[in-house]
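2 protein chains.
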Amino acid sequence: MAATTSDEKLLGLWASPYTTRVQLALKLKSIEYEFIQENLQNKSELLLQTNPVHKKIPVFIHGDKPICESLIIIQYIDDTWTNGPSILPSDPYDRAMARFWAAYIDDKWFPLLKELGGAQGDEARASIVEKIFEGLVLLEEAFVKCSKGKALFGGDNVGYLDIALGCFLGWIKATEIMTGIKWLDETKIPGLVGWAERLCSDSSVKDVLPEAQKLVELYTMSAGLEKGVSN
Amino acid sequence: MAATTSDEKLLGLWASPYTTRVQLALKLKSIEYEFIQENLQNKSELLLQTNPVHKKIPVFIHGDKPICESLIIIQYIDDTWTNGPSILPSDPYDRAMARFWAAYIDDKWFPLLKELGGAQGDEARASIVEKIFEGLVLLEEAFVKCSKGKALFGGDNVGYLDIALGCFLGWIKATEIMTGIKWLDETKIPGLVGWAERLCSDSSVKDVLPEAQKLVELYTMSAGLEKGVSN
Chain X
1 MAATTSDEKL LGLWASPYTT RVQLALKLKS IEYEFIQENL QNKSELLLQT
51 NPVHKKIPVF IHGDKPICES LIIIQYIDDT WTNGPSILPS DPYDRAMARF
101 WAAYIDDKWF PLLKELGGAQ GDEARASIVE KIFEGLVLLE EAFVKCSKGK
151 ALFGGDNVGY LDIALGCFLG WIKATEIMTG IKWLDETKIP GLVGWAERLC
201 SDSSVKDVLP EAQKLVELYT MSAGLEKGVS N
Chain F
1 MAATTSDEKL LGLWASPYTT RVQLALKLKS IEYEFIQENL QNKSELLLQT
51 NPVHKKIPVF IHGDKPICES LIIIQYIDDT WTNGPSILPS DPYDRAMARF
101 WAAYIDDKWF PLLKELGGAQ GDEARASIVE KIFEGLVLLE EAFVKCSKGK
151 ALFGGDNVGY LDIALGCFLG WIKATEIMTG IKWLDETKIP GLVGWAERLC
201 SDSSVKDVLP EAQKLVELYT MSAGLEKGVS N
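For the record, the sequence lines run as chains X and F. Numbered according to the UniProt record's numbering, the first sequence spans residues 1 to 231. Numbered according to the UniProt record's numbering, the second sequence spans residues 1 to 231.
Since the hints were made in silico from the structure, they are not lab data. Ideal placement from N, C-alpha and C gives every residue a C-beta, glycine not left out. Please note: incorrect hints may appear among the correct ones.
[Said to hold, decoys possible] Now the in silico label distances, taken between C-beta atoms and shown as ranges:
| id | chain 1 | residue 1 | chain 2 | residue 2 | range |
| --- | --- | --- | --- | --- | --- |
| 1 | X | Gln-120 | F | Glu-32 | 50 to 58 Å |
| 2 | X | Thr-220 | F | Gln-49 | 42 to 50 Å |
| 3 | X | Ser-201 | F | Lys-206 | 50 to 58 Å |
| 4 | F | Glu-115 | X | Lys-108 | 17 to 25 Å |
| 5 | X | Lys-150 | F | Phe-133 | 46 to 54 Å |
| 6 | F | Glu-123 | X | Thr-187 | 50 to 58 Å |
| 7 | F | Met-178 | X | Lys-145 | 42 to 50 Å |
| 8 | X | Glu-45 | F | Lys-43 | 43 to 51 Å |
| 9 | X | Glu-141 | F | Ser-44 | 18 to 26 Å |
| 10 | X | Val-53 | F | Ala-119 | 22 to 30 Å |
[Claimed, not checked] Here are the simulated BS3-like pairs of lysine-lysine, each with C-alpha atoms no more than 25 Å apart in a straight line:
| id | chain 1 | residue 1 | chain 2 | residue 2 |
| --- | --- | --- | --- | --- |
| 11 | X | Lys-108 | F | Lys-43 |
| 12 | X | Lys-131 | F | Lys-55 |
| 13 | F | Lys-9 | F | Lys-108 |
| 14 | F | Lys-131 | X | Lys-43 |
| 15 | X | Lys-108 | F | Lys-114 |
| 16 | X | Lys-145 | F | Lys-55 |
| 17 | X | Lys-65 | F | Lys-148 |
| 18 | X | Lys-55 | F | Lys-108 |
| 19 | X | Lys-43 | F | Lys-108 |
[To be verified] One-sided and incomplete, this derived list gives chain X residues near chain F with beta-carbon spacing under 7 Å:
| id | residue |
| --- | --- |
| 20 | Lys-65 |
| 21 | Tyr-76 |
| 22 | Tyr-93 |
With the rest of the complex left out, here is chain X (with noise of 0.2 Å):
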């Protein structure tokens, strides 16, 4: 390998939730990385070669190991870095749970919002927008067990569910503008609307978070990034 060249690199998309996710454990750790910007309609060479079975972002390469799949990376990072501050909960229980939040917003919660773009109908939108809401209300419930009366997920620093949520962060405020409902919303939510604002203004992450807007002008111009875009 070359001697300009990082030894840690991260395959991405600025717009992607999963990717954010590593940037925000990478931010969170101060490892230097090399950002590579990916073009989902042509796939570079080294995405297929380091994901060959899903051929999907994110990848991060270590050295010459390649590890896939945001929520595998980000346990990877937080094993190996392990003089940074600890990312998953030391106790057992508590990462048992911050584990089943995780799954659950990625198999369940956000697919829900990433359907609501192809709707069919008032009725099936209604449908949807409440299916959101139930998620939001179960992650409140999360946040107030899983914080434990602190500020954050991860207690009083940024944690593996404030990376696993956060990442999302953007693109809740997206379809917001987008669909003028209001997801964050303190009369339902307090919880979380309190623990957004927070983590949105931490050191760490307010830098990494791609901004709302940028996102809806992405959403109008393109169908959307469904395509080649994973966890």
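The hints should help you fit chain F onto chain X, whose structure is shown.
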């Protein structure tokens, strides 16, 4: 809690591969527990209370702490009973690879085996069969990489991926009986065929895996196990 009840409980179903996973992890760690067979047609209050989000088995209850989803439970068991043999690899990259392939098995490969039962028409069936074999070839490559020339995915000992894939061996063999298709074909996937034989004769595994013939009988009796059985 009454003195007669066990401090460790598992809510599950003998035929559920996800339940088998937890049973395998508990056996490996020599943990005694109470097994509570669930009736998915009439879910118990305990199940609904301990997994209110998904209402699915397996749920492992440690004292008053419920943990849901089989792979999360296994990691919890490994993190909690640290004096037993390790289930996850100790090296961060090996751990990431084990997590990657476990997710592939759950999200991509095993759903194909379930799809096969409901496939309509020869063409649809042939397409799924082809994808199942393609997946097995990928898993063969994963075995070669992860096992590093040793007997099992976990090396010399039963590990995370041995559990994650091994739990399906009963169903793999049951579908061989029902369809006449030989999935575990030495000419195609010699590494995995040898692995399956070694794993099934391991003392921690052989009494836990459900018998293929019993699964065939169950499948023939019921319309399948889809409803309420999660990962």
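> When the hints from earlier in the document are held up against this structure, which numbers fail?
Replying inline: 13
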